[in-house]
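Engineer: Throw the hints in and build the complete structure from the sequences for me.
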Amino acid sequence: MSLIGRFTGVLSVTDPKYDLETLGTWLVEIPSHLGKDELLDTATAALTTAVEDLRVGKQSTAALSSYGKAISRLGHALRDPVKVKEPYTLAAVFMITLCQPWLSLKADYVNHIQGMAHLLNLSAGEEWNSRFAETLRFHVIFPIYLAMAINSDIEIHSWYAEKYSKLCSQDDLSSDRDVSPIQSLDISAILRYPTILRNPALYDVELRMLYEQALLDGCALRTRLHSLDDLNTATKVPSLELQRAQAHLRLAYAAVLYYSLIMNAFISALDPCSQFLPRDAITMAKEALETANVVLKDAPISLGFMPLCLFAASLATTDSKILCDIEVALVAYKDHFVEWHHRQRFHDAKQSIVEIKTRRRAYLREAGCR
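When you read off a place in the sequence shown, starting at 1, and then add 5, the result is the number in this note's numbering.
Hints are supplied without guarantee of correctness; some may be wrong.
Straight-line alpha carbon distances no greater than 25 Å define the calculated DSS-like cross-link-like pairs of lysine-lysine that follow [what the hints assert, rightly or not]:
#1 Lys41 with Lys74
#2 Lys22 with Lys326
#3 Lys339 with Lys362
#4 Lys302 with Lys339
#5 Lys291 with Lys339
#6 Lys63 with Lys339
#7 Lys63 with Lys74
#8 Lys88 with Lys171
#9 Lys291 with Lys241
#10 Lys171 with Lys90
#11 Lys355 with Lys291
#12 Lys326 with Lys291
#13 Lys326 with Lys355
#14 Lys241 with Lys302
#15 Lys302 with Lys291
#16 Lys22 with Lys41
#17 Lys241 with Lys168
#18 Lys90 with Lys63
#19 Lys302 with Lys63
#20 Lys291 with Lys22
#21 Lys63 with Lys22
#22 Lys168 with Lys90
#23 Lys41 with Lys88
#24 Lys241 with Lys22
#25 Lys326 with Lys362
#26 Lys22 with Lys302
#27 Lys88 with Lys74
#28 Lys339 with Lys326
These aren't lab readings, by the way, just hints derived from the structure by calculation.
Structural biologist: This is the structure:
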């Protein structure tokens, strides 16, 4: 079967657990671009073989071979000053990134998030005049900015903030209509989080406003999720559309929890006397654990983000029982996640939070507060 036929077959899912569209609507357009770029073709072959293996639950030598060919071809493209700025190269890196956790290639891990950030920076200022290319670039922004919230080594050219800050929710290029606009996941908020979280004391007021909005969004998403879960349970054969909406909502909820937990940790350091913030942290950490367990069982395609959410939960709470449960959950993800270097980032952030809290308590004591 041709590569176009195989990839179209992978896209034509009946089981939402293997629904590639959950990872980006631009993937649906890949078949119409095959045959135009050798790197894109090899990356698509690697992704196709990896998903085929994932479906049958057995890793083949063909998957490893396809992945190796894609990595080799990528190396050539990255040395080409023209190709590094092309959308097909960015698409290929994204697809190769998707393959890595499914193939459990921890020993050969490459930080593709930083690689994608580098490619975005090289193409900053260039308008890609196709919906496919612009939708791809818009989708790639999100995982990079999620990592930037806790990783100060990643920087994105200011051109992107200027470009996307002009977008309104209804102009969202992602076209993911299963999830209606969520203010705390709006592109303007996503672009703002890294600056605020790297300077929490300086942006204290704005940080608290974003946190309150995230709590409201989390509550709304949780209510909608419960309604969809009930509808799914009540339906003998739930439609793919219903289950796709459920998966999108659950991932959106996990992203809101991720940001909420990180913000909670920093606000707690700035407000060490608060009785409400620790309770919020425990509640959200429990929600993160529950969500992680559901995603692990129901959505192997889109589960790669969940360990980051669990890292955020461990950042926000000191509850020993919850921290133990988080460790158990992370063990379950060990074969599906390769970006364990992020854990060191959260460890560093925790040390920073302890220092902020210590300084804040000393200041409050000197000011006569208890």
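Engineer: Does each hint hold? Answer for all of them.
Structural biologist: Against the structure, the hints come out as follows:
1. A C-alpha spacing of about 17 Å is found between lysine 41 and lysine 74, which places the hinted pair at or below 25 Å, so the restraint holds.
2. Between the alpha carbons of lysine 22 and lysine 326 the distance comes to roughly 30 Å, so the proposed pair goes past 25 Å and is violated.
3. A C-alpha spacing of about 32 Å is found between lysine 339 and lysine 362, which places the hinted pair above 25 Å, so the restraint is violated.
4. Distance check on the hinted pair: lysine 302 and lysine 339 sit about 14 Å apart at the alpha-carbon level, within 25 Å; holds.
5. Taken as a hint, the lysine 291 and lysine 339 pair is honoured in the structure, with Cα atoms around 20 Å apart against an allowance of 25 Å.
6. Between lysine 63 and lysine 339, the direct Cα distance comes to roughly 17 Å. Compliance with the 25 Å bound is thereby established for this hinted pair.
7. With a C-alpha separation of about 20 Å, the suggested pair lysine 63 and lysine 74 falls inside the 25 Å cut-off, and the hint holds.
8. This hinted pair does not check out: lysine 88 and lysine 171 have alpha carbons roughly 28 Å apart, beyond 25 Å.
9. Between lysine 291 and lysine 241 the alpha-carbon distance is near 29 Å, which puts this suggested pair outside the 25 Å criterion.
10. For the proposed pair lysine 171 and lysine 90, the alpha carbon gap of about 23 Å is at most 25 Å, so the pair holds.
11. For a cut-off of 25 Å, the pair hint linking lysine 355 to lysine 291 stands: about 19 Å separates their Cα positions.
12. The hinted pair formed by lysine 326 and lysine 291 meets the criterion: a straight-line CA distance of about 10 Å does not exceed 25 Å.
13. Between lysine 326 and lysine 355 the alpha-carbon distance is near 18 Å, which keeps this suggested pair within the 25 Å criterion.
14. Between the alpha carbons of lysine 241 and lysine 302 the distance comes to roughly 19 Å, so the proposed pair stays at or under 25 Å and holds.
15. Only pairs whose Cα atoms come within 25 Å are accepted, and lysine 302 paired with lysine 291 is accepted, the gap being roughly 17 Å.
16. Our distance criterion of 25 Å between C-alpha atoms is broken by lysine 22 and lysine 41, whose separation comes to about 30 Å.
17. Annotation: proposed proximity of lysine 241 to lysine 168 is violated, straight-line Cα distance about 45 Å (limit 25 Å).
18. Restraint check: the Cα-Cα separation between lysine 90 and lysine 63 comes to about 36 Å, which exceeds 25 Å; the hinted pair is violated.
19. Distance check on the hinted pair: lysine 302 and lysine 63 sit about 17 Å apart at the alpha-carbon level, within 25 Å; holds.
20. At most 25 Å may separate the alpha-carbon atoms for a hinted pair to count; lysine 291 and lysine 22 meet this at roughly 23 Å.
21. With a C-alpha separation of about 16 Å, the suggested pair lysine 63 and lysine 22 falls inside the 25 Å cut-off, and the hint holds.
22. Distance check on the hinted pair: lysine 168 and lysine 90 sit about 17 Å apart at the alpha-carbon level, within 25 Å; holds.
23. Note on lysine 41 and lysine 88: the hinted pairing holds, with a Cα-Cα distance of about 13 Å set against a maximum of 25 Å.
24. Only pairs whose Cα atoms come within 25 Å are accepted, and lysine 241 paired with lysine 22 is accepted, the gap being roughly 17 Å.
25. The hinted pair formed by lysine 326 and lysine 362 meets the criterion: a straight-line CA distance of about 23 Å does not exceed 25 Å.
26. Restraint check for lysine 22 and lysine 302: satisfied, since their Cα atoms lie roughly 9 Å apart, inside the 25 Å limit.
27. Between the alpha carbons of lysine 88 and lysine 74 the distance comes to roughly 17 Å, so the proposed pair stays at or under 25 Å and holds.
28. Taking the CA atoms of lysine 339 and lysine 326, the gap is near 20 Å; set against the 25 Å cutoff, the hint holds.
Comparing the model with each earlier hint shows violations of hints 2, 3, 8, 9, 16, 17 and 18; every other hint is respected.
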